[in-house]
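Put together the whole structure using the sequences plus the hints.
Listed below, chain by chain, are the residues.
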Amino acid sequence: MSADSKPDPVLRPRVAAALKRLRDSRPGEALGVIGEIVSQLLGCEEYALFSVEASGESLLPVLALGLASERLELLVVPKGIIGQVARHGVPYVMGRTSALGAAAHEAGLTACIPFVSGRRVCGVLALFRMLPQKRGLSDEDLELMDVLGSYGFIAFMEPQQGLIALPEPATVPLAVAEPSTFKAVYLQPGGVVATSRPTEVTTILGSCVAVCLWDEGLRVGGVNHFLLPTTPIGQPPSGRHGSAAIPMLLRELERLGCQRQHLRAKVFGGAHLIGTPLSGGAPSLGGRNAELARRVLAEAGIAVLAEDVGGTLGRKLRFRTDTGTALIKMLGG
Amino acid sequence: MAVPKKILLVDDSPTVLLMEQLLLQNGPYELLSATSGAEAVERALKERPELILMDVVMPGMDGFEVCRVLRAKEETRTTPIILVTTRGGPEHVEMGYESGCSDYVTKPFDGNELRAKIESFLGQ
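As they're listed, the protein sequences go chains A and B. The opening residue of the first sequence carries number 899 in the numbering used here; numbering runs sequentially from there. The opening residue of the second sequence carries number 389 in the numbering used here; numbering runs sequentially from there.
Watch out, some of these pointers could steer you wrong.
What the hints assert, rightly or not - One-sided excerpt, in silico: chain A residues whose CB lies under 10 angstroms from chain B:
(1) Thr995
(2) Gly1104
(3) Gly1184
(4) Arg1186
(5) Glu1189
(6) Gly1208
Unchecked claim - Dumping the calculated DMTMM-like pairs for lysine to aspartate or glutamate here, alpha-carbon to alpha-carbon at most 25 angstroms:
(7) A:Lys1081 - A:Glu1098
(8) A:Lys1214 - B:Asp498
(9) A:Lys1227 - B:Glu482
(10) A:Lys1227 - B:Glu430
(11) A:Lys1214 - B:Glu463
(12) A:Lys1081 - B:Glu501
(13) A:Lys1081 - A:Glu1150
(14) B:Lys461 - B:Glu482
(15) A:Lys1227 - B:Glu453
(16) A:Lys1214 - B:Glu501
(17) A:Lys1214 - B:Glu479
(18) A:Lys1081 - B:Asp450
(19) A:Lys1227 - B:Glu418
(20) A:Lys1214 - B:Glu482
(21) A:Lys1214 - B:Glu486
Honestly, the hints are just simulated from the structure, not real lab data. In this text, a Cβ means the ideal position worked out from N, Cα and C, and glycines have one as well.
Printed below as a string of structure tokens:
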């Protein structure tokens, strides 16, 4: 790293990187930088950036991803929330600011950020669908939006080249679901699911661990998927940390009427994947995750009926919450 | 003083590379970078990094393919490779592990969590 790229020490890396890239962008680069920040750092997969013409009376799309052209045509008419943001320069964030006056075609709008130059709103960035693994907006996301709002105007200092439609991400064919009486759910890392409805939960584990709990009598069960055994200093406890994820799952199951003495457990994952140091020093992350699961379950007095942990390969787990059946597919090797 | 450990950062987005550099620059690491799959293979074989942090979606050779190529080479058969990608769907995570990655992290990632994973792989 060169000395001039050092961040302002109070800024977090995502925010510092966005700020530096925007400030340093050369003519012709800024739109691409904005696209990278929005998709890679904010995690939005459906968005449009408009230049604001005639003090908010018309919008011109200059960058778009994931939005069909028919939808873009509706969005260029500055009404609803996007129109308000273009005229008044006050950002909109779902759940934090009022959605009063939203137009029908703005359904799913996560945030709308004005790009301000001096006192003039020169652009608006409308963020719709976020990546599926993204759960809500953090304070750091709001800081990133502030950076975009304050420095995004650079993109409008360049001659516009018309709309840049970024290539659509390659679509993955969806598996054809077999007709079944149970629901299928994919559990993202950090997620916790507990349900009284027969559900097959799929999740993919490397060094992460999934604790499956179910009550055979009630046919109620759930799973978590945690990445680290305990919560790192300075972070709030969450489903990403075993010390929080197992109690969360237990609480959810108890809320659904389960009693601890009737719960059974299975534990999966915790691999020592290729490259993990296997000898000397501390145990691997996977080993520590599995050990934490065993310890917390023992403290809760819950019997572990089966476990498949360790090894050097990832695992695909399919768990039925009503029956406790678990299928494991080893990945790679 | 301990010798800094070499980490190869691979991403076609300069913004992501910069963010990763800012995240890791105060650690005991020597940071290298590559902006394409082909460059990643070349640098990995030449520089022999102790860990590779790699994007999946890149023009030309993608991260899965780079993983398979590096796993087939004696020099990088056991190098930890963490794939870092916006692709969080089950098909992609499964492909990642099938291609021989050591871990799979979805963007946007939590900096503290990624650092903890890196430290764990490097035995720190």
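These are the hints, each one checked on the structure:
| no. | hint | in the structure |
| --- | --- | --- |
| 1 | Thr995 | 22 angstroms, violated |
| 2 | Gly1104 | 5 angstroms, holds |
| 3 | Gly1184 | 9 angstroms, holds |
| 4 | Arg1186 | 8 angstroms, holds |
| 5 | Glu1189 | 14 angstroms, violated |
| 6 | Gly1208 | 15 angstroms, violated |
| 7 | A:Lys1081 - A:Glu1098 | 6 angstroms, holds |
| 8 | A:Lys1214 - B:Asp498 | 23 angstroms, holds |
| 9 | A:Lys1227 - B:Glu482 | 10 angstroms, holds |
| 10 | A:Lys1227 - B:Glu430 | 33 angstroms, violated |
| 11 | A:Lys1214 - B:Glu463 | 28 angstroms, violated |
| 12 | A:Lys1081 - B:Glu501 | 31 angstroms, violated |
| 13 | A:Lys1081 - A:Glu1150 | 18 angstroms, holds |
| 14 | B:Lys461 - B:Glu482 | 22 angstroms, holds |
| 15 | A:Lys1227 - B:Glu453 | 22 angstroms, holds |
| 16 | A:Lys1214 - B:Glu501 | 22 angstroms, holds |
| 17 | A:Lys1214 - B:Glu479 | 10 angstroms, holds |
| 18 | A:Lys1081 - B:Asp450 | 33 angstroms, violated |
| 19 | A:Lys1227 - B:Glu418 | 37 angstroms, violated |
| 20 | A:Lys1214 - B:Glu482 | 7 angstroms, holds |
| 21 | A:Lys1214 - B:Glu486 | 11 angstroms, holds |
When the structure is compared with the earlier hints, violations turn up for hints 1, 5, 6, 10, 11, 12, 18 and 19 and for no others.
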